[in-house]
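Line by line, the protein sequences give chains Z and X.
Here the numbering used here is used: the first residue of the first sequence is 1, the next is one more, and so on.
Here the numbering used here is used: the first residue of the second sequence is 1001, the next is one more, and so on.
Worth flagging that the hints you see were computed from the coordinates, not collected in a lab.
Note that the structure is predicted; figures quoted are calculated from it, not measured.
Backbone N, C-alpha and C define an ideal beta-carbon position, used for all residues, glycine too.
Possibly wrong hints are sitting among the right ones.
As the list claims (entries may be wrong) - To list a few chain X residues with every Cβ distance to chain Z over 10 Å, as calculated:
no. : residue
1   : R1018
2   : D1043
3   : R1110
4   : H1131
5   : G1185
6   : D1209
Said to hold, decoys possible - For each label pair, taking beta carbons as the anchor points, the in silico distance ranges come out as:
no. : chain 1 : residue 1 : chain 2 : residue 2 : range
7   : X       : L1126     : Z       : R380      : 49 to 59 Å
8   : X       : R1109     : Z       : E382      : 53 to 63 Å
9   : X       : R1017     : Z       : I16       : 44 to 54 Å
10  : X       : D1167     : Z       : V4        : 30 to 40 Å
11  : X       : R1111     : Z       : R380      : 53 to 63 Å
Here are the chains, one letter per residue:
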Amino acid sequence: MYKVILAIRYLVKRQITYFAVAVVAFCVLIVVVVMTVMTGLVTDFKQKNYNFVGDCVVGTESLVGFPYYEDFVNVLKEADFVEAISPVIKSYALLTPHGRDLNIGVEIMGIDPVRHSQVTGFGKTLYYRRDDAAKAFVPSYDPNLLGCVLGIDLAMERDAKSGYPYETSPAEVAFSVTCFPLTAKGALAKAGAGLINTQTFYYSDISHSGLARVDGSTVYLPFEQAQLLCGMAGPIKRANAIHINFKPNVKLQAGCEKVTLLWHRFRQEKAREEQADLLATVTVRSWKDYRRAFIAAMEKEQTMMIVMFGFVGVTTVFIVFVVFYMIISHKTKDIGILKSVGVSNIDIIELFSGFAFLVGLSGACIGLLGSSIFLLKINRIENWLFEHFQFQLWDRTIYAIGDIPNQMDLKVLLVITCSAIVACELGALVPTWQAAISKPVETLRVSQL
Amino acid sequence: MGATEVKVLKGTDLAIRRGEFLAIVGASGSGKSTLLHILGALDTPDKGTVRFEGRDLSQHSERELNKFRNKTVGFIFQFYHLLDELNVLENVFLPAMASRSVLGWLACRRRAKKRAADLLAELGLLERANHKPYQLSGGERQRVAIGRALMNEPRLLLADEPTGNLDSATGNGILEVFEKLNRAGQSIIMVTHDERIARKAGRIITLADGKIKNLSS
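All chains should be modelled from the sequences, with the hints used to inform the complete structure.
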């Protein structure tokens, strides 16, 4: 019992202990805030990528595309693990607003908006046709015109406060989209002979995927028109990718493996077909693999952050070690007194370990409380900083971030709290051990000096 | 710290009877405190044996030595050595708490607190029970230390210069407490450099250069 009483009194009555508690609290606060924000950003970014891709993509990087995709779509339709399928045309084009002497290089995606919305979150990214993706390419001002959906950052400029100047209905703006149709051999198809490579589309909606690169460079076109413009609508039609959504109970890895199996079988069946060689470039990838180039960078950043804050943790251990060394050095007399009344070495270790535990726990609690308050107000603080000092943590004109993520993960908090306590115990280990093994007569003699 | 070995006690042979009040006198550095620490198992001799009630202390396990320091002997130091974080009452019942688990302490805490309060009443400090040691005078602190030493009813009281840090009036008060305890049958060994104080004891031994030079009754 005296161990509990003394550990609590040491915590409360020694000013140097407040320093140790403050160090732990500050480290916990920093780690919780950074981990919460970084984890939130990475999770959000992954979710946006998933919403953009779906579960799995059968596709090629080649702009030529691959043939017989309709046959493989039929194969997939019969598979019991597939929920929805969306073939996609992907290429590059020049976007020319009518009446302006301006060409913008863009990526085009030819999609069936209904099918694509069943596979991905496309429908939810629309602004005007959010609840009716079927009309995504139907301009509200004239349903007879051929519409196109622009990535939001192509259509409008974000202001620094993350506000988009939405209008109640899309403006009547026409664009010429000029593509570079390729033959099955990969050569540039010659215009004429019924081949169209430029077509006028009318602005019908905007898509806000939350992925800066996608929103800043992608124009969505009706599938058939895109196929035609890219020279893929010949007798043997081609597409660049098939996006697949699995049924809810199907695990990502298992689903992708099944699709791979079906694809290999399909390729063998088509081995003798005229354009079978184009199938060789096709791969089956999960959404994570498909977007790895983007996700990996974020994950790497997150890992770097964790490593850096691991160093912060090591520093905490060192500071706590120094503080405990000082505290226990000042407590030499107490150790001698306790030993003179029959307290054992193990009891001394338990006393100072309990003290370290209390320092870690109270520091962690204060840190958690501080970080909770800070995270709760982080967006208000950022707004205030922007309003008064024009400072933004992430410049909203560059980064596709709305609010700064501030959802704390209980598991992460628990791990951080435990780590803080362990750090204190580690910091206290050596001085506690030294205190325990010291001879009572020596500690009493030292305290008389 | 240093590499030089210093022999403090050389061939000291001493027997102490139950109920005796023994004073050990000697100049500074004569080895009297070392002798007291060895007798109380706070230190161990390089050679020789210390027997308490016939049993060699060197044969005790660490656990037995802790129990010996907790129950069999009670220490009183020149500089009082009270815990600043505990109040007077807590300092007195510390030895009772130290020897028990949390549950064991909860079971006997009322009895222990009553015993501590009784001791403080005997020592004239009951009204100071909730004060912190730094709020007391030197004499009061030493009386608290005596209370702590007596808490577990030890068979032997070891006092190291108990009046060394006190004025003579206060020191006399402490000695009166010792005499009273001894009259009640308490065995006491007191170390002092002051022969006038030593005369209060039933027997005096003089240490010089680590050897007993003089025995007087």
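Unmet hints by their number, sorted upward, for this structure: The structure breaks only hint 2.
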